[in-house]
Amino acid sequence: MSARTVQRLMMGFYFVLFFGFLFGPLLVMAVTAVNTSQYPQVLPFEGFTLDWFAVLLDDRNLVEGIRNSVLIGIFVVLLSVPLGLAGAMVMTQIYARARSLYYLVVVSPVLTPGVIIGISTVIFWRDVADSIGSESVYDGLFLATLGQSTFISAYCMLIFLSRLQRFDQSQREAALDLGATHTQVFFHILLPFLKPAIFSAAVIAFLSSFENYNTTTFAILADKTLTTVLAGRVRQGTTPAISALAVLIIAITLAGAVLYEVLRRIEQRREEGRARAAAVAERAEFAGEIAPSAV
Amino acid sequence: MTGLRGVLILGIPVAVILAFWLLARWERRHNHDPQTPSFVARNGWPVAVFLVVAVSFWALVMVVLPQLYMVDFSFHLKLPPSQRGGPRDVYTLENYQYFLFGSTRSTANWNVTHITAFWLTIVVSMCITVLNFLICYPLAYFMAQVGSGSQVRKLMLLLIIPYWVNELLRAFAFNILFGTSGVLNVILVKAGVIGSPIDFIGQDVALYSGLTYAYLLVMMFPLYNALESLDHNQIEAARDLGAPWWHVHLNVVMPFAKPGIASGCTLVFMLCAGALAAPLVLGGPKTLWFTPIVYDRFYQAFNWNQGSAYAIVLLLTCILFVMMVMRVFRVSLSEITR
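First to last, the sequence lines map onto chains W and R.
Note that the working numbering numbers the first sequence so that position 255 is 255, with each residue one more than the last.
Note that the working numbering numbers the second sequence so that position 255 is 550, with each residue one more than the last.
Don't read these hints as lab results, they were simulated from the structure.
Among the clues, some could well be false.
As the list claims (entries may be wrong) - Here are the simulated distance ranges between beta carbons: (1) Phe13/W with Val311/R: 54 to 64 Å; (2) Ile312/R with Ala284/W: 46 to 56 Å; (3) Leu101/W with Gln378/R: 34 to 44 Å; (4) Leu101/W with Asp494/R: 45 to 55 Å; (5) Ile307/R with Ala54/W: 46 to 56 Å; (6) Lys581/R with Thr49/W: 35 to 45 Å; (7) Thr49/W with Thr402/R: 53 to 63 Å; (8) Asp526/R with Arg99/W: 23 to 33 Å; (9) Val258/W with Ile307/R: 36 to 46 Å.
Backbone N, C-alpha and C define an ideal beta-carbon position, used for all residues, glycine too.
With the hints as extra help, turn the sequences into a complete structure.
This is the structure we're talking about:
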């Protein structure tokens with residue numbers, strides 16, 4: 001056996017271990033969701049059933065939790081995408097001396113444990129509510145949205161920043177030379193250029209919000225979301241119904257993630273196609289320019 | 296007290312915006328280049344107003360003020376609403392004292408449970424960070440430097456799919472695997488390897504492997520991104536010069552991937568040390584982990600002030616870790632969060 005074969009075998013062995021570790025637990029969980037036994041187990045496989053999925057439909061708390069999770073997700077997208085965009089635009093314009101401090105402030109939520117963001121949000125807004133004498137801001141959905149947006153806006157900002165770095169400033173100048181106002185440049189040049197980033201940011205924001213537990217469990221107060229209901233169930237005890245729920249949630253998130261990936265690739269290909277077409281057009285123009293002199 | 300806080304909440308944002316405006320004016324007066332238009336002119340005033348309002352709301356009202364407020368809160372005692380702002384509402388270290396000594400009166404005994412949990416959390420999180428790096432490095436290297444385009448695309452898809460699976464569900468999957476009548480025990484007993492089921496959860500095996508599992512992919516993506524930009528010729532050159540494979544990795548590949556390694560390590564450590572779902576689901580009765588203790592300060596002891604003090608201890612630890620990583624790897628914050 002040559003050294004190369006040994007190396008290949010080792011690599012293959014590592015791949016099997018890695019992906020076994022990655023998918024094994026999830027597959028085991030999926031099998032327990034369709035086993036008839038009362039306790040989530042794979043062996044012995046007593047029989048195939050979908051009853052555990054039916055149990056879920058009767059669960060009021062769960063339905064309410066899902067509704068809240070979706071609502072919060074939508075609010076988070078509506079809040080963090082504009083905040084992230086503003087954050088990224090200010091980052092590219094702020095004068096150099098203030099940039100590092102500004103960067104530290106807006107990126108720190110990414111490096112802060114989620115529980116701490118949840119705690120500080122709740123404590124702060126509880127006293128804001130006391131100060132202004134109105135309980136309306138001390139509301140679970142509102143606080144969960146704010147708490148999650150604190151760090152999700154930073155994710156969005158990082159996405160916008162990487163896109164803005166590729167922005168060709170000459171487009172802006174061309175538009176200004178043609179008489180556009182700065183506001184028009186923003187709406188007709190910059191926003192269309194940022195469209196793929198806006199899409200990415202919105203999807204990532206929604207997914208991050210939907211699956212967040214650490215921040216939400218503090219910020220949600222007496223309300224419930226899917227993850228807090230789930231946490232309660234999981235702590236109470238293990239039944240195959242939770243496996244069934246897990247399979248459903250994973251299926252939904254996966255559908256979302258795969259759809260996003262497909263759309264993103266289509267967009268990428270379209271953009272590459274556009275760039276190629278532009279290059280061809282440019283070359284044709286160039287050829288047109290030199291052709292007369294050749295004749 | 297409430298009045299003062301109200302002033303702070305409204306005053307700090309206004310003061311910061313004013314300070315920035317003054318700085319901007321100063322900057323313009325001193326090295327003004329007539330070619331560059333002012334901030335408002337460059338964006339048009341509707342967009343400029345949007346930018347200022349959005350960024351100040353986010354940076355100040357959502358990020359800075361709540362954190363400062365939590366610090367202030369942790370130095371106060373838990374008081375009924377009627378006594379807030381009264382003579383008993385003074386600054387005190389008692390909440391931190393409780394963390395160290397387990398009592399607000401005597402300093403005779405250390406608060407062994409909480410302090411052990413704290414150190415254990417840090418040490419285990421560091422071990423898991425290193426372990427995750429070791430597990431991820433070969434695959435990240437393969438995808439970035441060895442694999443062909445279509446191979447990499449397929450592997451990426453395989454990685455992205457489990458990335459979005461919720462932390463709670465990952466923990467639950469490990470609960471099924473490691474429970475006393477869980478899959479692993481059933482298999483081991485049936486196979487005759489062990490006589491009676493092993494209490495994996497009580498021994499914290501389940502928790503530690505669950506945490507390793509939960510944050511594996513958080514390490515993978517930054518690592519891959521960093522390795523991908525390395526010019527393969529550098530590796531070839533090192534090989535041609537006779538470097539053994541481990542020299543190539545230690546002296547060429549890893550130094551180049553430093554920002555990615557730093558980024559992955561910070562994120563994994565932070566997520567581990569701040570993990571709440573996994574310890575709640577996979578922790579046995581005697582399991583020690585710091586985040587659930589913080590959680591209990593809030594929802595078992597109902598002492599939010601003390602909980603804030605604990606949260607700040609955790610926050611300081613994470614800040615220290617980030618600073619340490621920046622120092623050891625000699626990278627900047629923007630390289631870590633890229």
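Is the distance from the Cβ of isoleucine 312/R to the Cβ of alanine 284/W consistent with 46 to 56 Å?
About 51 Å separates the Cβ atoms of isoleucine 312/R and alanine 284/W, which means 46 to 56 Å holds.
Between the beta carbons of aspartate 526/R and arginine 99/W, is the distance compatible with 23 to 33 Å?
29 Å, holds
Are lysine 581/R and threonine 49/W spaced within 35 to 45 Å by their CB atoms?
36 Å, holds
Is the distance from the Cβ of phenylalanine 13/W to the Cβ of valine 311/R consistent with 54 to 64 Å?
57 Å, holds
In this structure, is the beta-carbon distance linking valine 258/W and isoleucine 307/R contained in 36 to 46 Å?
44 Å, holds
Range hint 53 to 63 Å: satisfied by the CB atoms of threonine 49/W and threonine 402/R?
59 Å, holds
In this structure, is the beta-carbon distance linking isoleucine 307/R and alanine 54/W contained in 46 to 56 Å?
With Cβ atoms ~54 Å apart, the hint holds.
For the pair leucine 101/W and glutamine 378/R, does the Cβ-Cβ distance stay inside 34 to 44 Å?
Holds, at about 38 Å.
Taking 45 to 55 Å as the hint, is the beta-carbon distance of leucine 101/W and aspartate 494/R inside that range?
At 50 Å between Cβs, range holds.
The structure agrees with every numbered hint stated previously.
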